[in-house]
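Participant: Given next are the chains, with one letter for each unit.
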Amino acid sequence: MATLTSPDLTPVAAALRGQKLPRWAPAALAALGVVLGIGASYGLYGELRTANAVVLSAVLYSAVQTAASFAVEGRRQAVDRLFTTFVYTAFLLAALPLVLILWYTIQRGYHVISGTFLGSSMFLVNPDNAGGGIYHAIAGTLQQTLLSALVAVPLGVLTALYLVEYGGRTRFGRLVSFFVDVMTGVPSIVAGIFVYAAWLIALGFQKSGLAGALALAILMLPIVVRATEEMLKLVPADLREASYALGVPKWRTILKVVLPTALPGIVTGVMLGVARVMGETAPLILLVGTNPKINLNPFSFSQVSANPQTALPTYIWDSFQQAAGNPTHPAAQRAWGAALVLIALIMLLNLVARTIARFARARG
Amino acid sequence: MAKSIDVSDLNIYYGSFLAVEGVSMFIEPKSVTAFIGPSGCGKSTVLRTLNRMHEVIPGARVQGKVLLDGEDIYGSAVDPVNVRRTIGMVFQRPNPFPTMSIYDNVVAGLRLAGRQPRAKLDAIVEKALRGANLWNEVKDRLKKPGASLSGGQQQRLCIARAIAVEPQVLLMDEPCSALDPISTLAIEDLIQDLKGKYTIVIVTHNMQQAARVSDRTGFFNLSAVGKPGRLVEMDDTQRIFSNPTDKRTEDYITGRFG
Ligand SMILES: Nc1ncnc2c1ncn2[C@@H]1O[C@H](COP(=O)(O)OP(=O)(O)OP(=O)(O)O)[C@@H](O)[C@H]1O
Ligand SMILES: [Mg+2]
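Keeping their order, the protein sequence lines are chains A and B. Count the first sequence with our numbering and you get residues 12 to 375, in order. Count the second sequence with our numbering and you get residues 5 to 262, in order.
If we strip away everything but chain B, and leave its shape as in the complex, we get (with noise of 0.2 Å):
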């Protein structure tokens, strides 16, 4: 099920800013890959690129190629609504439906985009909670509101409604930024298990959740404050961290850094 992605000569926009410039990378299917890099050398922006997100934004636009398993996800003929169905992603800060209890948040997906399999709907929340290690938390609960949980557990709440849809890519931007060392490890170790059927790309700021959780490792940067990001390289995590080709990413990974 899961897919590969395979980017090549991708220049970002932001009506007439170049915001990254010339990203070509090849992500395994099954894998789970890292994106690292300072504040704004545009991880966030790539990854968005990846889903057809990034054109929500009034004057946002791409040039360049996305293909998921050989297919160009910025077509002519490509249904941006449909790669998000197969694309599915995970933001910084929770963002659960407000009008929604928690089970209509996982189930939203599914609801909102016309899919109902509606006998099985229980099995379908059940599963995805289970999925996001938050089942034992909210199972008695199921009825509340989604913003009546802690960030943490809400954080956790967006990954099941994310899974719960069947994505064959996932994509998550920096997701415990906002959390605790345990809820941390919680969504380290669900990373780990949905490795198995998806394929992953997370934003971190977390050096060591890269090298943790990550079989690759891509590392951006910025040449100068004002010039287009750059994938500067990427290679396999291990490789990455222990001995990388360019001097820029050894730098930012010692902390020796600008």
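Just chain A, with the same shape it has in the complex (with noise of 0.2 Å):
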């Protein structure tokens, strides 16, 4: 019996493993890069320009890398280490502007929370002057979305399991597939246009966060639809079988076994959702406009202002409108609060939902 370390095995060994480059090079070429980069911006503007000397360093950095890899490790190694390289780049270019938004929103926005921002209203504050809060904009933006939500979810989540259980296939279901393409397409003013004409008009309802939230719902369902269908095509057709074979009715099979399975991505699908009608504007522009005063009633057809509520997204629009372009206007730094505080709320609500679809699945 041969072992491993025996002499006539060791050509074998040493085919298997080839040479490698040690593992602290990268970072050590990424060093290099750098300071490669940051000569050659010398060397090229006689200055140090920062955005060309991080081009400068990435690209010498693969460059030096990949000439490297190729000497030590060879042809494959070298392709491998270089498309790597591009994939991070990739990434870390996609990720530059969320990061800048959270970065920048941060910075000018977290001066001006306090209780108070939190706690209180505009109503009787001069927009001129500092003071006054956005506690009556978070109420109308829960609400609003909590109402759209109660819609699109149900309307969604049935809808999608019409079209992967029931009547995918069919003439119908297809054509319902359709719509909800065409759906995923309209532009938001659109949709708040439409509720315009169809609830305000027509119907002759006044100005409302339900009015809002109508508009919201349309956007929002076409996310829920698709998510769903995603989550429930997922579910393998082993599950079902298993559960036709025991004697389940289909429609408890989908009901116990299919969405249960599914929950965690449904979850996904709708927050997803949520915050993308959390943020939306023009439709609430258009129906709901900017009271600033407290309303805790989304249905209230208003007595008191033509503008019955307000959201965050609008109030925002609101203030820096009210700012007229100047930075450090009070208004304008009410706003950079406002949008913080909008993007913290999503987030807040991404991380409730993720926790509690764990939890719903661990449970089972």
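Derived by calculation from the structure, the hints in this document are not laboratory data. Hints are not guaranteed to be accurate.
What the hints assert, rightly or not - Taking lysine to aspartate or glutamate and the DMTMM-like style, the derived pairs with C-alpha atoms no more than 20 Å apart in a straight line are:
no., chain 1, residue 1, chain 2, residue 2
1, A, K261, B, E59
2, B, K201, B, E170
3, B, K34, B, E192
4, A, K267, A, E176
5, A, K261, B, D83
6, A, K31, A, D91
Unchecked claim - With beta-carbon atoms standing in for the labels, derived distance ranges:
no., chain 1, residue 1, chain 2, residue 2, range
7, B, L189, A, L93, 49 to 59 Å
8, B, K231, A, T181, 27 to 37 Å
9, A, R34, B, L189, 46 to 56 Å
10, A, D249, B, S20, 42 to 52 Å
For each residue, glycine too, the CB sits at the ideal point set by N, CA and C.
Reassemble the complex: the two chains are provided individually, in unrelated frames, and hints are given to aid placement.
Facilitator: Next up, the structure:
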């Protein structure tokens, strides 16, 4: 019996192992790339231009690393490292705007945030002065989003169930699927105009949080349908068959086996929809407007004001208008604060939903 | 309780593709019947028509008769859900419900089908798990997810789930193909035990297994690729393995095939 250490196996072991760059090589080469990039910036422009130096460093780093890898490890590894670098670069580029948005908003918004800011409204506050808050807008956003979810989630999940479990292949199913695709592309202002025409003009209702929520529901519906559909399709056919084979009727199979299995994904899809409509502005300008006073009744077909409620996005829009391009204007600062709160709210809801989904699944 | 199955002139389609043609057979109550034959000849397809699982696949349909104790399960007044409650099935790949615990998996058939003698659930779980030779391994972790078991344990969990609803016929599609010899033996023993109560039909690629566990064996074959599968012959297992009538059966069993 030959063991791994026996001399006649050594060439095989060597062939398996090959030459490899040491583990610290990428970091060292990256440092070298940065040095070279800064040097190149001075060489080319006679000064340090940050953006140019960053790009040059990245290019030089991948060139140096590929060359080193080619020399030591061979062609396949060199190509592998080159593409790995590309993938990471692409990811960083994609994440950059997100990080910048967060950074900007936090930087400009954090100092506005205080107990008063979160706890009071703009009622009787002169927009040109400091003070006031966004309590009314937070309440409006939460109520309107919740209402729209109450409409869109059951409708969306049921539509997806119909498409996946019942009529997906029929002519009607394909028609529904087509309209869902079309709805995905409906601009938010069009949804707003539609509700305006149908709900306000044709049916004669007043502006209200509910009217805004209806437009938001139209925007949320296709997202929920598509996300739920994808998740339901991922549930293995094996599980449905296992349930049928036990003599479980189809509707109970869907309710007790298919939906629970797909639940975490559906929750994520719903959250995507909620996050999408939470920041929606155009239809709310049209259907709700901005009311500086606290109004906790989204159904109030207003007697007090023509603008029944406020939401965070419309608050931000309104404040920026008041600031009229002056970044130090108190209204502009309140707008950044409101933007930060809006982002935080969306993230928080996301976290809560994920926790719920994990919990629901683990319990089983 | 166990029932007989009488199949006559069964043609089975996937859309317009005729997968299996002209199957007739009689299956005795409280017997074990094995289906053998090369891959793709339609063993699973035939098995799935016996509890109306075939029609779950879109476009799939069946012509012919399947009588369960004289009652045609394809009769117009028959509810497939009730057929499946009477004729249970175990699949080739273990498929416990991933969102449910071991306990809930076992009682899934009772709970989901809306028949719950709630007080007796614990007893039913224990009985089914003992019946599937799994009780000792899982009795301390009944609340753990069913998916946390090994493949062989999952398969026995699926068997427990199938027998917990007390069907009168049990169909098994290659239940041991993913199992080690010890789990296989456990399941073969189990089949011997269950035979006292149920009518069992098992698909297997393992000749020794067919010879060991079954009373009767049916040999399926394809005359050519793309042609429908057929039941070549069906007889007492002993006879099939010692002295088959058909030359093709003999060739297949002795390994001189194709
Ligand atoms: N869902 C399906 N749609 C269309 N054709 C199918 C489907 N399932 C099986 N078939 C076809 O039906 C024929 C019989 O398949 P079946 O699965 O019954 O074979 P089998 O004897 O069980 O084979 P194996 O031993 O490999 O499991 C094959 O030609 C197969 O391609
Ligand atoms: Mg098969």
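Participant: None of the hints should be skipped; say for each whether it holds.
Facilitator: A quick look at each hint next to the structure:
no., hint, result
1, A:K261 with B:E59, "13 Å, holds"
2, B:K201 with B:E170, "9 Å, holds"
3, B:K34 with B:E192, "15 Å, holds"
4, A:K267 with A:E176, "14 Å, holds"
5, A:K261 with B:D83, "12 Å, holds"
6, A:K31 with A:D91, "13 Å, holds"
7, B:L189 with A:L93: 49 to 59 Å, "54 Å, holds"
8, B:K231 with A:T181: 27 to 37 Å, "32 Å, holds"
9, A:R34 with B:L189: 46 to 56 Å, "49 Å, holds"
10, A:D249 with B:S20: 42 to 52 Å, "26 Å, violated"
Of the numbered hints stated above, the single one contradicted by the structure is hint 10.
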